[in-house]
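Undergrad: Sequence:
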Amino acid sequence: MEFAKPLLSRSLYVALPPLLECNPFQSEGRDGWLSSPPLPEEIHKVVSIYQAALDLLHQYDVHPEVTSQMFAYLFFFSNTLLFNQLMEKGSSLGCFHWSKGVRIRAAVRLLLEWAQSVGLGPLADQFFAKLCSVASLLAMPNSQLLQVSLQEAPG
Numbered sequence: 001m002e003f004a005k006p007l008l009s010r011s012l013y014v015a016l017p018p019l020l021e022c023n024p025f026q027s028e029g030r031d032g033w034l035s036s037p038p039l040p041e042e043i044h045k046v047v048s049i050y051q052a053a054l055d056l057l058h059q060y061d062v063h064p065e066v067t068s069q070m071f072a073y074l075f076f077f078s079n080t081l082l083f084n085q086l087m088e089k090g091s092s093l094g095c096f097h098w099s100k101g102v103r104i105r106a107a108v109r110l111l112l113e114w115a116q117s118v119g120l121g122p123l124a125d126q127f128f129a130k131l132c133s134v135a136s137l138l139a140m141p142n143s144q145l146l147q148v149s150l151q152e153a154p155g
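Residues 1 to 155 (our numbering) are what the sequence shown spells out, left to right.
Hints are computed from structural coordinates only; laboratory data are not their basis. You may find that some hints are simply not true.
Said to hold, decoys possible - Beta-carbon label-pair distances, calculated as ranges:
#1 Glu41 - Val118: 38 to 44 Å
#2 Val66 - Trp98: 27 to 33 Å
#3 Gln144 - Gln59: 42 to 48 Å
#4 Met87 - Arg10: 19 to 25 Å
#5 Lys130 - Gln51: 31 to 37 Å
Glycine included, every Cβ here is placed at the ideal spot set by N, Cα and C.
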């Protein structure tokens with residue numbers, strides 16, 4: 001599967017950065033409260049890459065341990081790329097505002113939900129932990145941040 005890593009990495013390198021700017025709360029295509037809305041295009045592209053990799057691994061009856069190693073790599077790569085993009089370009093993209101933090105957290109949650117639905121939830125949780133922590137911090141209202149700061153301040 002080593003031959004697939006560069007191709008998947010290049011695809012994710014292009015597909016992942018727009019995830020930081022997408023709106024996961026869009027409601028187009030919703031037929032009612034019972035149906036879930038389609039994934040935003042930015043998230044759908046990433047999920048499609050993951051799904052294509054998973055389909056190929058299943059098609060060729062790759063051992064589950066190798067599948068797990070491949071997705072450990074893909075999730076590590078994805079987390080690292082998004083985390084670095086956020087640190088390098090976050091302020092210019094407006095990512096350090098509460099509303100943008102909420103969107104980023106929701107977008108990452110949609111990726112994690114896909115991973116959970118295909119049995120890769122614990123692996124995704126492990127490798128997306130840093131990005132999830134940053135997204136949760138960005139999504140925290142200022143008033144809560146102030147409370148935490150005041151509670152931890154030396155008295």
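Undergrad: Does each hint hold? Answer for all of them.
TA: Hint check:
For Glu41 and Val118, the Cβ-Cβ distance of about 20 Å falls outside the hinted range of 38 to 44 Å, so the restraint is violated. Distance hint check: the CB atoms of Val66 and Trp98 are about 41 Å apart, inconsistent with the given range 27 to 33 Å. Hint check: Gln144 to Gln59, Cβ distance near 47 Å, so the stated range 42 to 48 Å holds. A hinted range of 19 to 25 Å holds for the C-beta pair Met87 and Arg10, which are about 22 Å apart.
As the Cβ distance of Lys130 to Gln51 is approximately 24 Å, the hint placing it in 31 to 37 Å is violated.
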